[in-house]
Each structure stands twice: as structure tokens, then as C-alpha cells.
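All chains should be modelled from the sequences, with the hints used to inform the complete structure.
Taken in order, these protein sequences are the chains called F and V. For the first sequence, the residue numbers in the numbering used here are 709 to 1078. For the second sequence, the residue numbers in the numbering used here are 438 to 1260.
Calculated from the structure, these hints are not laboratory results. Where a beta carbon is used, it is the ideal one built from N, C-alpha and C, also for glycine. Do not take every clue at face value.
Just some of the chain V residues that point at chain F, by a computed CB distance under 7 Å [as the list claims (entries may be wrong)]: (1) P463; (2) T598; (3) R787; (4) A902; (5) Y907; (6) W967; (7) A1001.
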Amino acid sequence: MATSDWLASFEAAAAAIGAWDPSATPTLEALEAVRVEYLGRSGRLTEALKGLKDLPLEDRKLLGPRAQSARAGLEERIARRRAELESRQDLSMEKSGVDVTLPALPALRGRLHPVTLMMGDMTRVLGLMGYSLAEGPLVETDWHNFEALNIPAHHPARDAHDTVYLKDLWRQGTAVPEGAGSPPLAGGGPLLMRTHTSPVQVRTMEKTKPPLKIVCPGRAFRRDAVDASHSAVFHQMECLAIDRGVTFADLKGTLDVFMRALLGQSTRLRFRPSFFPFTEPSAQVDVNCLLCGGKGCPVCKGSGWLEMLGAGVVNPNVFKLAGLDPEEWTGFAFGIGIERLAMMKYRIPDIRLFYENDLRFLDQFDEDIL
Amino acid sequence: MKISFNWLKEHADVGCGANELAGMLPRLGMDADSIARLGPAFTGVVTAEVLSKEKHPAADRLSLCRVSDGLMTYSVVCGAPNVAAGQKVPFAKAGAVLPGGTLSKAKIRGVESEGMICSCKELVLEGDASGIMVLDPSTKAGQDFAALLGGSDSVLDIEITANRPDLLSHLGLARELSVCLGFPMKAAEERPLREDAGLRSFPVEVPSTGECPRYVGRLIEGVAIGESPDWLKTKLKAVGLRPINNVADITNFILMDTGQPLHAFDADLIEGGRIVVRFAKAGEKMTALDGRDYDLTPECLVIADASKPVAIAGVMGGSATAVTTKTKRVFLESANFSPVTVRRCSQLLRLRSDSSYRFERGTDISAAEGASRSAASLIQRLCGKAVAVSPPLDVYPGKKEPSPIRVSADRINAILGSDFPRDEIRRAIEAVSARTQGEGDALTVLAPTWRGDLATPSDLAEEVARILGYDRIPSTVPTSALRPTEELRSCAVAGKARSRLAALGLHEALTYDFISEKHASLLEVPEDRWVRLANPLTEDWTVLRPSLIPGLLQSLRRNIERQAESVRLFELGKVYSRDAAGVRERSHLAGILYGPLAPAHWKASKEKTGLFEAKTILADLLSGVSGLEWTTQARDGGFAGEDLLLPGSRVFIRNASGPKGLSCGCPKGLSFGCPKGLSFGSVLGRLGILHPKLARAWEVDREQPAVFELDLELLAGASSGSKVFRPLSPFPSSWRDLSVVVRQDVPYGEIEAAIMGLKLSELDFVQLVDVYSGKGVADGLRSLSLRFVFQLPDRTLKDAEVTAAVDRILAELKNRFGAELRK
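Encoded structure:
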């Protein structure tokens, strides 16, 4: 190609570029058209640059830089205009006036029951402390629920366990006594709904050799008329540690660690003497009132303390009944009512709310970060 | 147990007030449930004489009195119209504590008043409140008015644990306070008794089998039955007992004082003049002191005369031989009965008394004679001028001493984890039992006769801890071998299922395990599989639930009543059924979906929740908690629990690798697996639209709820091992969308199964993207639009290969179902 021809087409393109007013290009699409026209694969400037190679060396030296600078200049103007147009486009949502305060659709998310959450917190903490989960049936024998826990038939301690019995169902191998169906009293016989989670202790000792550390959360049943503070169905968590040389002090320390992890590091415990046939010494354990922190308020009846759980050193009789040597093995156990703790923690006034499953109730609970 | 604080103080020098004492009890293992104040609620009020009365200089209705308490004279402003010189009145000096507050000197209309002449109203006493109280003219001035009225008292209602029957009396509690708090005991009140050696008790016959280890009888003659003196009546009233007559009141007094139950019979009504302790004969009846008739059974130990039971041993006396105003001679019983015997009988007859409450916990056998003597002494003193008392007849065949407990201080520290000094431990044990011998390291302890609960070193460890303080025992965390805790598979599966279902938008419910017979029959579970309760609490709670659905329906109904529009609930829990082996208890998981998918919302679809939402949930749940291959099977096959679901909507979740088909021939039941091969029974659960008859019964039929229920144990048992990574193909996939037209009654499941059955290696997956019938598709047919995605792991597929695979699929569908490609 002759230099003059090349120059004519280049000058024409350069003049057109010079005349181009970026601000008159209103959209990104129009800008892209301009880019393609000059800088596209067969754009006018691209063609000129391609044509350079056919020019004589002298001309190339002279004209090459001009063409390069024209391209660079155009590229820069396009880029600047693009940035302008893009930033204008970024504001378009603001201009169109979307109401960002319109409510979003709530996530379709369910919740776990507060009893489950509470038991989960407890077993998680105790799991970290080396306790394994254990389970047992809800339909129990008199042996597992009472006798093996050092609560013989006709012991007044049974007064605290108003029991639901099953009709015409007796422990296997036990003859059905005459007149079965009337409240059965004879030792051994009737099947019942377990009145606490403690029978899991017995079942674990039957099948696992110590040392052992278990936690057993679950349902328990009492023949209690249902009212704001009583429920015929409720949940408990039982904890049992058996090893050589376990002491009451170990029980205190374990509960200290456990309750602080559960309720916060400022939690304080008070151990009071109490009586459970399966532990000796036994203790009732109070925590400083969750509401007033211990100053005294209506919830703690001014005492600053809330009754929280029962605990004690495993009674050697329980080991004997389980066929373990009480001279060799020692242990401690504690049991805690789940609803009661949840009621205190969340200030729930009525235990029946746990079993009504009102969505407005269930919606309020979520996993706590301990 | 009600304890009168005044009464308690007769036994021990209680070095604090009643409120303070109540605050200390928890440390000893007792709880004071309440404290009630009895008697005058004021202090600092004395009897006084009005010396003179003048008009108040500045007020017509007030008078200015001079009042003397015998020592000093006070100037008092009084507003009562009835005040007059010479009257004896209750006078509150400055500093007196009245129910309305503490009184101080005050200027009334410019004149200082140094106290107040009181009316009934200010002292909260009964009587005419229109003016001041005017006392009997013979009243001596200067006496404490509260004391004159009988003094005030505090009554503590104390909860005593079942192992401490010895605390069920004023003496027993005083003894405990002395042991634990160091309050000194007071000398027992002298109760002199003149026994008449010529008088003989009735003969007493006791069984040799141990139900009555001791029986002390006395005959008392010449009693005059009447009212008890005020001090006695006051004491009984304080602890909530109604005074009856002097003899009965004395026996009750001794019971509350010492814990030993006594009974007084009218001796002239005891036939044959002898006492027989024996078991009741079948058919014997007795009217007890509570006025009710009791049918006695051979489990009931009774006190009988020559012909009939006159008392239920340790529980309650009979009304026929009760002491009445006519009584002249009394037979006094002070006995010890076996706890089991008394408790069994008391439960059988549903009759409890202060006496049975103590006997069933165990009374102090050695106290029986002393109590008899005290009561006889009081009867002699209070029930007539010429009361003759026989010497006691003490039937006590097997006198037993408690077994010695051998223990060391080290042993006690080892149980407690404490570091108490040896001498401190020894002192604590000696406080509990004076009969302690040996040196610090080898003690032999004979427990007091009233402490039947002390038998082992552990028992003594508790005593030491109680006396020295639980708070002095250190807190230590046990060291233990480092080994991982064991995972409990059932709990892990349940936990994952719960969080999965919550993430899918369901709320977790907990419902009761008890349902009504009506609801049990609605579920069409055969009655012989029901687990019934022997002693149900209410009629609505008589059967253990055979399914979780009734509880969820109850909860759904409640939420609808509370105007919830959209309800999605699930529960994990036990279900129960009865079979030849007894009770079968299985873990189930169930859910219920009701109402719109989302609440009314500008962004939400208005779609209702239904069968396919339930399938979505189950698919995700199963993929999360079980490695099991599963399929749904729609055919109704007379299978367990299908009556719960609307016909045509029933879907069974079948273990794809288990036996084919659903009819396993098992009886209709509750769990879904076949009882013969539970671990890999073919059916894991069911889902569908709730049968309308159930929706109507629970009044949740405004919409059609979808329900599902699974056997969680089968699910957990069928879980797979670990997953293996499937490599990602780097080669592009090819898609083909095709619509085929088939008969309406060909289930899609079979079409998909046929396609997958070809096992084409090129076919990655197939997805149903549309279902259409209507214009352009002939009646009785439907068009299914399928998206086939082809991909190989090792190379790019050629177009011809994809076409060949599509052709094979179409040929198979045509061959099997007569399906045609839609034009």
C-alpha cells in the first residue's frame, strides 16, 4: 500500500476520532459500538495499525508512533467514558426507587424444643468432661426403678414417686398375682413408667464394667395432676461416675464445672444435706438465683438460692445390689430436672407450655452459645 | 411436721429466734416451708391503770390521761370516748411493737403523749373496737399484756426427709439442734407417777413373727374425762391438732412431744379384758375414729379384744372403743410396729395418720416405755383426783441393740474427699452418738436407738459432713483415664434428624405419652395391642400412644385454635404396643404439615403444604441420617397403619435393598418393619394426607394436613458406613429434553425405574421437568417432559452416542409402557 493511501485513511479515522465527543455517546452499548468501529478486530484504527507493516521502513518509523498514540488516546477516552457511564448505571437502582424497607420473606426455619436444647447443652458439656450417653426404656420394672436403687417395696421414699403402672403387664418371669389390675404392691411384679432416669444407672451397671461415666437424659413420669408446676410427663438428666476412690469432693467439683459451663462462670453452688436412698451422703444442690443473682427476690422467695438438683455419693448398697464390690468401687450420681431448669433460665411461668407446642412459644428458643 | 417454737424451747436452749432458726435448717438437711405466728402480734404492751382523765386543752374529742404501770406514771393523749379514771387498760409504751408499726412519743395537738391506750383494733384482737379495751378491775398493773393473753408463738412447718423419723417430734428436733448447732438440752420435765402395784394391765398377746416387736400396756382406773387445761390445748392447736378430751389430748401431746404414737382405749369396752395383736381375718370390718368403715384384709395387723378388732395397728383406733365422756377406765397402748406392716396396711386402706406416718418410717423402740410412763403421769395429774395406774406390761421379746459401726477418720475423709482433722471427726461422731469408743483411727459407734438410719460408714460420713458443714468439703475434679466418650448411635441419629427437620422448617414438639381410648380406636390399632394403664390419672390418658400422630394432631389443633395459619411440627419419641412378649417400645419420628407453605407475605407463594412437601422433607431427612437406599411405594397392601392416611395418598418408605413388596403377613401393628426380621424389614415408614376421619375427629379438617411417621430404630440400624468420593468429570455434559406421552395410570416411579434399569453408563441422571395433560394430549394420557443429562468421567461424549442412548430409552419406554415421543 502506498503511504499516501494509508495516510489518507488514517487521517480520516483520526479526524473522526478527534471529532468524537464522548459525552454525546449516551450508553455503554453506543460506547461499545464506537470501540468496535475503531478498535474492533477490523476497526478503522486496527486496520491502519495492521497496514503499517506494508509501509516503507522510513515511513513506518515516522507514522508508527502517531498511529500508536492515536490508539492509546482513543482507548483512554473510551475507558474514561466507560467509567462515567458505569458509575451512572450503578446509581440507576437508587433512581428507580426500590423500597428496600419492604420486608423479606422469613426463612422457613424450624426450631428445636427448649427441652431438647437444654438437654443438648448439658450432654455437650458433660461429653467434654468424659461422660458417655446412655439410654434405657421408659417402661420399667420395679427392680430397675426402685429395688436396685435401694428403695425396697413399702419404703416411705416411694411416697415421692407417685407411679403410673401398666395394666395386666408384669415383669417377665413373674407370675401374675391374683387380682392383678388393682394397685399392685407385691415386690417385683408390675411394669411401670419410670419415675426418674436413675434406672439407667442400674441398667448400665448390669452390662458395663466400671470404671464408667455416663449421662442419661430422657423422659420420666409421675402420677401427678397437671398444673403450672407439675407435669405427669417431664424430663430429667442423670449422671453417674464410678471409679476407684471417687469422693464427695469430686461430686462438688464436677457439679461446679458443669453448672458454670451451663449457666455462666458467675454461678455459685450451695450443697445442703438431703436424703435419697441410692446415695449416701446425699445433697440437695442450689444455685444462686438466676433472676436476682443471689440478692433475694420473689422467684427465690427471698433466699437468693434456687433448688436445682439432687446429688450424692453412690450408696454402697446400690453397688451390692448391682453385684459390684462396694469396697472396690465408689461413685457419685446427680439428677436434674430439665423443665425446671429451663423454666428458671428462660423465666417460663408454666410447665404446661412445654407440652402445648404453641408455635409462638417454640419460636423463642434457639441453640445457646455456651 | 409442725413445730411450735415455744414447745421446742422447753427441750433446748434455742439460742436464736424462730426466723433465724428457719434460716439455719437447710444446712442441717431440713426445710422450713413456712413460719406462722400465733397469739398476740405485739410486744411492749403492759397492763396499766388510768389514774386520771382531763380534757385536752386544744381538742374537744381528745382527753389527757395519766396512766401508771405500777412503776412510773405516763402522760397520754387518748381519743376514745370510753376512757375513764380507775380503768385497767392495755398500754403501749413508746418503743412498743404493734402490728401497725413501732410506737414512738408524739405531740398530739401540742401535747406530748408518752404512749397509747390500746383498743382491740390496734392489737389485732377480737372484741369491741369502738373504744379502748377495758380489762378486769382485778388485773394487776405492770404485767406484760401479750404474756397475759397466753403469749405468742411461732409455728414452723418443717419438711423432714423419709430417713429421719426421729425428727418428727419436738424432743427429736431439739436433740438434733443440740447435736448440730450445740444448743444445750434442758432437763426433761419431772413427770412423777404413782403406780398401783395391785392393779394389773390387761394381758397382751403379740405374734412371734416380728410385726409388733414391742407392746407396752397399762390399765388406768378412775379417770374423769373432761376438757384439757389451756396450756395443753394451746400446744395442740399450735401444731394443728384439735383438742378432743383430756386423755386423747395427752396421747397426742406425747406423740408430738416425743414421736411415740400412743392409743387410749376405753378399757370397759374391751371384750374379755385382753389384747391380741394379730392379722385381721378376711371379712372383718371396723369403724375407725375418722368415722369411716374399713374392710380389713389379712395384710392388716390389728389390735383385737377377745372377739373383734379394736384398732388398726399403728394406723388408727376404732370408734367403738374410743375414750368418751363416759369412760372410767383406760387401757393405754404404747407399742412399736414394723414399718412395712403399717405402711402396707395404711396404703391398702388408703388411711394415713400421724401415727402411721411415724411407724412406717420407724420409731424408737426404746422410747415406748418412757412415753407410756409420761402419758400415765399426765393422766394421773390432769384427769381426776383418784387416778390409779397399773405398772406397765412390757412385751418386748427380742430386745435388740443396733449393730456397732466400725469406722475411722481416714475412711470418712476418703468418702468425703475432705481433710478434716481426726479429733474434729471424732467430736462430730460423739455428738451424734455418745456411745462411741476407741481412738481416732478405729472407732466403734453404737448409734442411738432413735437413729435407725445409721448403719454404715457412709451414714456416719454424711453425719460428719452435715455437722462440720458441706461447704467445708473441697471441690475437686476427678482425674480419669483419657479415653474418648462413646457415641450412642440412637442419640446421634436422633440428634441429626432433629437438626435436619428444624433446618427444613419444622418446629420440634413434645407431646404426652398417654392418649385416650377413643383416640386409640380412631387409629384402628387392634385393642389387643393397646398398652393400658392400671391407674390412669384421667380418662383422657388411659393408653400408651401407639403412634406419635395423635399428639401432633392435638398440638396442631391447639395452634389452629390460637389462629396459626401455617403449622409444621415434628416429634421424636417412643411409641408402645403389646405383643406376646410384653410391651414393645420403639423410637419413632413423625411430622405434620398444615396450611400455606409460607405465611401470607408479598414475596411468598400462596401454595399449600401437601404430600410433595412431605416427600421433599423425607427425602432430605433420609439422605441426611441414613445411608439407606429407599424408594416410595404407592400401592395399598393391607399394611400396618395405613388407616391413618387418605386412600390414594399413601406412600410407604421402603428399604430398596430389603424384600420387595409390602404385604409381609404381619398383624397390623405399630412399627413398620416386619417383626420377624426387624433389622431389615422392608418398610421404614409412611407418609400421606391425613385420613379425613382423623382430621375431623381432631377438628383440623379446614385444610388437609400431610403427615409422616418413621421407625427411627430401623433408620438408625440401616445407616451406611462412610461415603466414598465420586470424581468430578472435567468433560462437558450433554442435555436432552424430551416429552413422552403415556397413559395416565402409569406411575412415574415405574418409568424412572425402567430408565435406570437400562443401566446406561452415559446417563448421569434424569429429571422430570414438566407434567402436562390437556390440549394437544389425548384423553387418558399425559405428557411427561424429561431432562436427560449425559456425561462420562473420562471423555467427551459424541453426539451420535447421545442420540443412540436416547433412542434406547425411547424404545424401552415404548416397549414397556407404550410411550410415544410427543410431537
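Comparing the hints with the structure gives:
A least Cβ separation of about 5 Å between V:P463 and chain F falls short of the 7 Å threshold, and the interface hint therefore holds. Below 7 Å, beta-carbon pairs count as interface contacts, and V:T598 has one with chain F at about 3 Å; its hint therefore holds. The beta carbon of V:R787 comes no nearer than 10 Å to any beta carbon in chain F, farther than 7 Å, and the hint placing it at the interface is violated. Annotation: interface hint on V:A902 holds; nearest CB of chain F at approximately 5 Å, less than 7 Å.
For V:Y907, the interface hint holds, the least distance from its beta-carbon to any beta-carbon of chain F being 4 Å, beneath 7 Å. The interface hint given for V:W967 is broken, as the beta carbon of that residue sits about 9 Å from the closest beta carbon of chain F, more than 7 Å. Given hint, V:A1001 at the interface with chain F, holds; its Cβ is 5 Å from that chain's nearest Cβ, closer than 7 Å.
Figure legend: structure checked against the earlier numbered hints; hints not met, in rising order: 3 and 6.
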